[in-house]
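There are 2 protein chains.
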Amino acid sequence: MRALVTTGGGDAAPADVGEPDPAPGEAVVAVHAAGLNRGDLTVAASLPAGSRLGWDVAGVVERAADDGSGPPAGARVVGLAGRDGFAERVAIPAGHLAALPDTVPDTTGAALPVAGLTALYALRHAGWLLGRTVLVTGAGGGVGRVAVQLAAAAGARVIARVGTAGRGDGLAKLGAAAVGLYGDTIAEPVDVLLDSVGGAALEQAWTSVAEDGVVVSYGNTTREPLRLPLDWGRLRPGVSLRYLHLFQETRRQPVGRDLATLVGLVTQGRLDPQVALTTPWSDPAPAWDALRDRKVNGKAVLRLAL
Amino acid sequence: MRALVTTGGGDAAPADVGEPDPAPGEAVVAVHAAGLNRGDLTVAASLPAGSRLGWDVAGVVERAADDGSGPPAGARVVGLAGRDGFAERVAIPAGHLAALPDTVPDTTGAALPVAGLTALYALRHAGWLLGRTVLVTGAGGGVGRVAVQLAAAAGARVIARVGTAGRGDGLAKLGAAAVGLYGDTIAEPVDVLLDSVGGAALEQAWTSVAEDGVVVSYGNTTREPLRLPLDWGRLRPGVSLRYLHLFQETRRQPVGRDLATLVGLVTQGRLDPQVALTTPWSDPAPAWDALRDRKVNGKAVLRLAL
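Chains as they are written, first to last, in this note's numbering: chain A, 1 to 306; chain B, 1 to 306.
Hint data in this document are derived by calculation from the structure and do not stem from the laboratory.
Worth double-checking, as some hints may not be accurate.
Some, not all, of what chain A presents toward chain B, calculated at C-beta under 7 Å [said to hold, decoys possible]:
id, residue
1, R38
2, S217
3, P225
4, R227
5, P229
6, L230
7, W232
8, G233
9, S240
10, L241
11, Y243
12, H245
13, Q248
For every residue, glycine included, the Cβ atom is placed at its ideal position computed from N, Cα and C.
The shape of chain A in the complex, shown without the other chains (with noise of 0.2 Å):
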């Protein structure tokens, strides 16, 4: 079969490979789309050419786990891959995959798994949200998107922050109250502080935390190490700070169920993942270098020839 694999330098290309071989408790999906993440981007850069890549596909169980867990043959999933994903076919554990409605397109499906789940378990730390503040730092990327859409949702009052006036286009009807540049004043405390960017839109969204606030960092697109003001701890009592590991809560957290969760909200029309670009897998080099400049507001999808 074919599959996206890396070709060095930080790119990808379709290459036969073999087909998987489904362990115990996994089920074969024929996909039909696959999502793409910055964490794509990243991990290609840094594996060796010929490597395996993908975490989010939706397409159709062809087989169905061994011990009859998960959907049966034939039903529309969406999954999270384990970065083998971007495939004709792949084997995922049947506790990863959730039944995706006729209502769903695949892409809107594929673009769920990465961004949906690292949203919904950043906002979960933070515990309750109705009434909260929420302030999003790279609130128009794909994770951003969807945490803006899922605190609102949760009846928190939401405050987005962007890096450039375009990328924050859409925020409003999403659910945000409020859409920013970093370093715009932030006049209100802020309950929740959701941060991908790090360096200097952290240490100051930072400032704008209340009293035993909840700061969690998903991410670090500045890629420069954490700064925090002066007097960051007695200016900011009782503030915690955590950093969410996708792949580490993904060991711990019900996969399966919380998917379930992001696509059933999807279908009341409480949430869409914002799928901004669509290309077929067999030319990925555009997706991949329009995520990589920051151009997709929202999610870039593979679409798999059928």
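Got chain A sorted already, so can you dock chain B onto it with the hints?
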């Protein structure tokens, strides 16, 4: 009556002040000994001349609280005052007092409140300690020495780190399994880091913290902005960082019960607040200077003339 008041420039001296005027629920305590904290030096440097000082007191209840709560008149007590405890008499909420048995000297009791409660609340945030590894930086100071003992009493393996070799004297006897200097290699994963130093010591200690570890900061003696390594999050997924501010905690913790816990540990021989310097309050300068210069391996206590 007489009380220590600031004289400008960060120092303090006895002066005449008015008698305490207890609010409902407050007892009047005749102070026999008063513990000195680095926080006293910090606020003395920022307050106008003539300001009152002092949180840690031990003495005798002269007048019980009007609502009948707390210890009766004549009882020996330890208490957390509201920055007016360096005085012959002070009004303290009954809920901020605990009985002091005859076996515990005034000077020992007076050393407990701020240092003991800070260490107790910092460790309480860390949660379960039995069988875990706790790293304490600034272990040579007043809070650090109590934290080492409380963590050991809770079943933890304690690694103590100090700035100079002499600061570590006695820490092994207090329960530290390993005593070293900042920068010394820490070969084992650390479940809980208690930091009061900040700067490079915190940045280095961070790299020893295990996945899902808990970092509680309760001071920043280096007076540097917080800085963590570039991959602070990805290398240490799930780690939480929290700043503990004692006077935020005392608003929501059962201070009197917690003081009684600390006193109980003292009477059981499991906690020694390490009174390293005792001086008459009529001449506080030697204690003041020694604490400022980090020459007190433990607590400095002022004795009031009786």
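Status of the hints after comparison with the structure:
1. Among the interface hints, the one on R38/A is violated; its C-beta lies about 13 Å from the nearest C-beta in chain B, farther than the 7 Å criterion.
2. A least Cβ separation of about 5 Å between S217/A and chain B falls short of the 7 Å threshold, and the interface hint therefore holds.
3. Of the supplied interface hints, the one on P225/A holds, with its beta-carbon coming within about 5 Å of a beta-carbon of chain B, less than 7 Å.
4. Satisfaction of the interface hint for R227/A is found here, the shortest Cβ-Cβ separation to chain B being roughly 5 Å, below the 7 Å cut-off.
5. Taking 7 Å as the C-beta cut-off, the interface hint given for P229/A holds, the closest approach to chain B being about 6 Å.
6. Here the hint on L230/A is kept, as its CB sits about 5 Å from the closest CB of chain B, short of 7 Å.
7. A cut of 7 Å between beta carbons decides the hint on W232/A: the least distance to chain B is about 5 Å, and the hint holds.
8. Nearest Cβ of chain B to the Cβ of G233/A: about 3 Å, under the 7 Å cut. The hint holds.
9. Because the smallest distance between the Cβ of S240/A and any Cβ of chain B comes to about 4 Å, under 7 Å, the interface hint for this residue holds.
10. Checking L241/A against chain B: minimum C-beta separation of about 4 Å stays under 7 Å; hint holds.
11. Because the smallest distance between the Cβ of Y243/A and any Cβ of chain B comes to about 3 Å, under 7 Å, the interface hint for this residue holds.
12. Taking 7 Å as the C-beta cut-off, the interface hint given for H245/A holds, the closest approach to chain B being about 3 Å.
13. Checking Q248/A against chain B by beta carbon gives a least distance of about 4 Å; that is within 7 Å, so the hint holds.
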